[in-house]
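Asker: Protein chains in written order, with the numbering used here: chain D, 1 to 158; chain Y, 1 to 158; chain C, 1 to 83; chain F, 1 to 83.
Hints listed in this document are in silico derivations from the structure and should not be mistaken for laboratory results.
Treat each hint with caution, since some may be false.
What the hints assert, rightly or not - Distance windows between CB atoms, simulated:
hint, chain 1, residue 1, chain 2, residue 2, range
1, F, 51, D, 45, 48 to 56 Å
2, Y, 93, D, 89, 31 to 39 Å
3, D, 136, Y, 27, 27 to 35 Å
4, D, 13, F, 72, 53 to 61 Å
5, F, 72, Y, 15, 28 to 36 Å
For every residue, glycine included, the Cβ atom is placed at its ideal position computed from N, Cα and C.
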Amino acid sequence: MPAAPLIEIRVQAGDFDVSAEIDALTKGRADIGGVASFIGLCRDEGGALSALELEHYPGMAERAIRAIAEEAVARFALSAILAVHRYGKIAPGGNIVLVAAAAGHRHAAFEGAEFLMDYLKTEAPFWKKEHMADGTSGDWVSAKDADDSARDRWKGRS
Amino acid sequence: MPAAPLIEIRVQAGDFDVSAEIDALTKGRADIGGVASFIGLCRDEGGALSALELEHYPGMAERAIRAIAEEAVARFALSAILAVHRYGKIAPGGNIVLVAAAAGHRHAAFEGAEFLMDYLKTEAPFWKKEHMADGTSGDWVSAKDADDSARDRWKGRS
Amino acid sequence: MKLIYFAWVRERIGKADEEIDLPEGVATIRELIDFLKTRGEEYEAAFEFPEVIRAAIDHEHVEHSEKIGAAREIALFPPMTGG
Amino acid sequence: MKLIYFAWVRERIGKADEEIDLPEGVATIRELIDFLKTRGEEYEAAFEFPEVIRAAIDHEHVEHSEKIGAAREIALFPPMTGG
Chain D
1 MPAAPLIEIR
11 VQAGDFDVSA
21 EIDALTKGRA
31 DIGGVASFIG
41 LCRDEGGALS
51 ALELEHYPGM
61 AERAIRAIAE
71 EAVARFALSA
81 ILAVHRYGKI
91 APGGNIVLVA
101 AAAGHRHAAF
111 EGAEFLMDYL
121 KTEAPFWKKE
131 HMADGTSGDW
141 VSAKDADDSA
151 RDRWKGRS
Chain Y
1 MPAAPLIEIR
11 VQAGDFDVSA
21 EIDALTKGRA
31 DIGGVASFIG
41 LCRDEGGALS
51 ALELEHYPGM
61 AERAIRAIAE
71 EAVARFALSA
81 ILAVHRYGKI
91 APGGNIVLVA
101 AAAGHRHAAF
111 EGAEFLMDYL
121 KTEAPFWKKE
131 HMADGTSGDW
141 VSAKDADDSA
151 RDRWKGRS
Chain C
1 MKLIYFAWVR
11 ERIGKADEEI
21 DLPEGVATIR
31 ELIDFLKTRG
41 EEYEAAFEFP
51 EVIRAAIDHE
61 HVEHSEKIGA
71 AREIALFPPM
81 TGG
Chain F
1 MKLIYFAWVR
11 ERIGKADEEI
21 DLPEGVATIR
31 ELIDFLKTRG
41 EEYEAAFEFP
51 EVIRAAIDHE
61 HVEHSEKIGA
71 AREIALFPPM
81 TGG
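Just need the whole structure built from these sequences, with the hints factored in.
Answerer: Here it is as structure tokens:
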């Protein structure tokens, strides 16, 4: 009998280690054929940014991501799924988010990871504020229609 | 001016460290918004397998993967791409292949990584032989129509 | 009842959270936002375009038409931009 | 000219590579496979279903209709199963 799907969701200020996180997903199992993952990084927007500051809603953030992860596990028959989302001030080049999905075959793993990212960006309570390289206070990042479209392409698909 | 795309292709017997490989892809750059990656692992097929043995065509293997990687970089405007493919005997749970694609935005990164995997499975000269848990010599793994279909879905798409 | 604000909603109102007593006739999120807008210009600024405001009741996303009922904590915030 | 075999093609033929002189009239990969099949039952077994055999000339994939020309190394192998 296959092991129950592992769902690991964390919201934290500190950085994460990609190898360690993925090892923990597959450890002790030999029924996983592939792990697809995604790391979201802070861009400097052509040198304009000194940092992004991530605000989140404690309690709800983890809960919202977990709900999305559970739907991904069911929808793509995943063996395991992981999301680690950071908050606080993150410098350009720094890690913001890691998601990973493990499955018997690669296509389910890729779909699981991309589904989780698409929903996480539009449904999990995080907000990004820009800090500018010239010392001024930047704007809050606006939500993108493209992100809603990315989420909505999963609707109505089996 | 953005840095020239980094293309890193290796065929090796030894294992790889996912964090170190991905760090090398993004090191010193602040224009990368996301890295999508895939790790292919050896399954034990319900306990039937003791190992997979990967045979490859030295020289051609790296060259074939590089050609696919170059096409992915051009097609999805990737900042960096990586493929590390192992050969030799690999036990269940062990790593077989790592691909990663870095881009300004996540969708290009996901597409780059999945494109590279789909073509790598059907165009790179590697062959898998099964070693059975009961000590008998297993079969060569057959090519799957599903893998050809996965590759062919990229054809005719811009 | 506890209200909690995030991002530029929090900045415009000038506080992260507050306790309020709901007046008679405020039954939904939409009515709550309309009520808050009467409380001063900082609230008017925060809720200038109410249609973009997202809401959660006790950590669950809800529509503006949702009944507040016995909510313990209501959060109001801009569209999310994580990931 | 060097021929090189992989996976079950290599196992059936019983060798990983060999040097051969191409006879007159063998100009394409298809004709090469037909010629090899005349060299004994191990070759007949390896090339029983020639349509599944993949070929590379000097590390580049080619079709069976490809002219051999001045090839240095020709590889014959089953469909690939890496990744």
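Asker: Each hint: holds or not?
Answerer: Verification of the supplied hints:
| no. | hint | in the structure |
| --- | --- | --- |
| 1 | F:51 with D:45: 48 to 56 Å | 54 Å, holds |
| 2 | Y:93 with D:89: 31 to 39 Å | 38 Å, holds |
| 3 | D:136 with Y:27: 27 to 35 Å | 29 Å, holds |
| 4 | D:13 with F:72: 53 to 61 Å | 59 Å, holds |
| 5 | F:72 with Y:15: 28 to 36 Å | 34 Å, holds |
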